[in-house]
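Q: Here is what each chain is made of, one letter per residue.
Number of protein chains: 2
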Amino acid sequence: MEAVTPLRRERIDRLRGLYAIADGAATRPSLDLIAAFLRGGARVIQLRLKSAGTAELLRVAREAAARCRAHGALFLVNDRPDIARLAAADGVHLGQEDLPVEAARAVLGADALIGVSTHSDPEMDAALAAGADYLGFGPIFATASKPGAPLPPPQGIEGLARAVKRAAPVPVVAIGGLGADNAAAVAAAGARCLAAIGELCRAADPEAAARRLGLAFGGGGKLG
Amino acid sequence: MEAVTPLRRERIDRLRGLYAIADGAATRPSLDLIAAFLRGGARVIQLRLKSAGTAELLRVAREAAARCRAHGALFLVNDRPDIARLAAADGVHLGQEDLPVEAARAVLGADALIGVSTHSDPEMDAALAAGADYLGFGPIFATASKPGAPLPPPQGIEGLARAVKRAAPVPVVAIGGLGADNAAAVAAAGARCLAAIGELCRAADPEAAARRLGLAFGGGGKLG
Chain P
70 MEAVTPLRRE RIDRLRGLYA IADGAATRPS LDLIAAFLRG GARVIQLRLK SAGTAELLRV
130 AREAAARCRA HGALFLVNDR PDIARLAAAD GVHLGQEDLP VEAARAVLGA DALIGVSTHS
190 DPEMDAALAA GADYLGFGPI FATASKPGAP LPPPQGIEGL ARAVKRAAPV PVVAIGGLGA
250 DNAAAVAAAG ARCLAAIGEL CRAADPEAAA RRLGLAFGGG GKLG
Chain G
70 MEAVTPLRRE RIDRLRGLYA IADGAATRPS LDLIAAFLRG GARVIQLRLK SAGTAELLRV
130 AREAAARCRA HGALFLVNDR PDIARLAAAD GVHLGQEDLP VEAARAVLGA DALIGVSTHS
190 DPEMDAALAA GADYLGFGPI FATASKPGAP LPPPQGIEGL ARAVKRAAPV PVVAIGGLGA
250 DNAAAVAAAG ARCLAAIGEL CRAADPEAAA RRLGLAFGGG GKLG
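The listed protein sequences correspond, in order, to chains P and G.
Each residue of the first sequence is one higher than the last, beginning at 70 in the working numbering.
Each residue of the second sequence is one higher than the last, beginning at 70 in the working numbering.
Only chain P is shown next, with the shape it has when bound in the complex:
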């Protein structure tokens, strides 16, 4: 495996705290959501616009990247290394049906942060072997964010703690059914980030929801 560059190392180190996913399926425009998440203290923003045209995705990604930079937050694009590169994002997040890590890295280069969604030990091991810079892991609790999609069973806080140990020193981003009520347990289990979609995108006040989640989670990363 190739060496981690200083810029990529810095990006990995900055992966902490609230990881807010702006979903194009939300009723609010993605850029409005991202602005609210950043004001609310999110440290990582992921843009997921599955149904937009590519030109629109690039437009939104470029603007989102600029806003994240201004807040010192990391900016990741879901699924599309070409858009991540063109928008000068910090990296991409890949689902299990997205590109393999090495393909995304071939497009993005050695400085990019590449994360992979995982839901089981075999998926974690494969992503680690492929050189993922962080692992998404979940769902921790039951969730309704992806209606229709077949989701693996919830992992619980114990499953998260096991995943954090399995992945170490690669950081784990916990996702799925997370809120202010369970954020402290997620932090205690060693997750470096708490990720949320529906809890933030469907909130009446996304800025307040981000602030509440980020404060409840604290710094995160006890073990990461």
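Derived by calculation from the structure, the hints in this document are not laboratory data.
Here the structure is a predicted model, which means the values were calculated and not measured.
The C-beta atom is built at its ideal place from N, Cα and C for all residues, glycine as well.
Take these hints with a grain of salt, some might be off.
With beta-carbon atoms standing in for the labels, derived distance ranges [to be verified]: (1) G:E166 x P:G164: 18 to 28 Å; (2) P:G164 x G:V73: 29 to 39 Å; (3) G:G141 x P:G178: 30 to 40 Å; (4) G:V73 x P:R128: 25 to 35 Å; (5) P:D101 x G:E171: 20 to 30 Å; (6) P:G200 x G:R138: 25 to 35 Å; (7) P:E79 x G:E79: 35 to 45 Å; (8) P:R131 x G:K234: 29 to 39 Å; (9) G:G141 x P:A213: 35 to 45 Å; (10) P:D190 x G:E125: 17 to 27 Å; (11) P:A94 x G:D274: 32 to 42 Å; (12) P:A237 x G:D274: 31 to 41 Å.
Quick partial rundown of chain P residues pointing at chain G, CB under 8 Å, derived from the structure [as the list claims (entries may be wrong)]: (13) P150; (14) A172; (15) V176; (16) D250.
Place chain G on chain P using the hints.
A: Using the frame of chain P, we list chain G on its own:
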């Protein structure tokens, strides 16, 4: 505008004859369609898999690229420069809602062939100014290939002939409602390629349909 590299020039020169679009919405697997189109003599293959996961798209694109290479046909990927690059395709085809030409070129480099769908003089002029290597132009006749999508009015053979002159020396790929009955007129109007989707993807025998269309079109490119 940057200079056209020798490899890109060669790719532009090879853009002739039947341009077959394998659409993921077809009932047959895309690779089966592509194999049939190539056996039937298609000189250009475009892969359009809008609803596939990205990993699946890359898998199909890599295999399609190998088959096209073996037949000496050009291989283009719809919309996704990252996939085109990873599959070592000859280039990409961009719709009006896809990436701008310069963005696609930033991902693909100077050797890639980049085409743009156009439906009017302003769209043609914009694509030419952006440095498109060829223009898709249509619909020439009414078509049902994109049910639900709002399509511009058919341009007719006269509209095509005007477009060919406007674009020259940039080649024009005619599309929309084309079949063996009007292919000779399309060639006479100066289109370098005749492109087809539904006529080929929905054919009972895609290989025979490709052969019939390619023969009816002839070499193409009287003016191109």
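Q: Hint by hint, say whether it matches the structure.
A: Consistency of the hints with the structure:
no., hint, result
1, G:E166 x P:G164: 18 to 28 Å, "23 Å, holds"
2, P:G164 x G:V73: 29 to 39 Å, "38 Å, holds"
3, G:G141 x P:G178: 30 to 40 Å, "32 Å, holds"
4, G:V73 x P:R128: 25 to 35 Å, "28 Å, holds"
5, P:D101 x G:E171: 20 to 30 Å, "28 Å, holds"
6, P:G200 x G:R138: 25 to 35 Å, "29 Å, holds"
7, P:E79 x G:E79: 35 to 45 Å, "43 Å, holds"
8, P:R131 x G:K234: 29 to 39 Å, "36 Å, holds"
9, G:G141 x P:A213: 35 to 45 Å, "51 Å, violated"
10, P:D190 x G:E125: 17 to 27 Å, "24 Å, holds"
11, P:A94 x G:D274: 32 to 42 Å, "41 Å, holds"
12, P:A237 x G:D274: 31 to 41 Å, "57 Å, violated"
13, P150, "5 Å, holds"
14, A172, "5 Å, holds"
15, V176, "5 Å, holds"
16, D250, "33 Å, violated"
Consistency note: the structure conflicts with the earlier hints numbered 9, 12 and 16.
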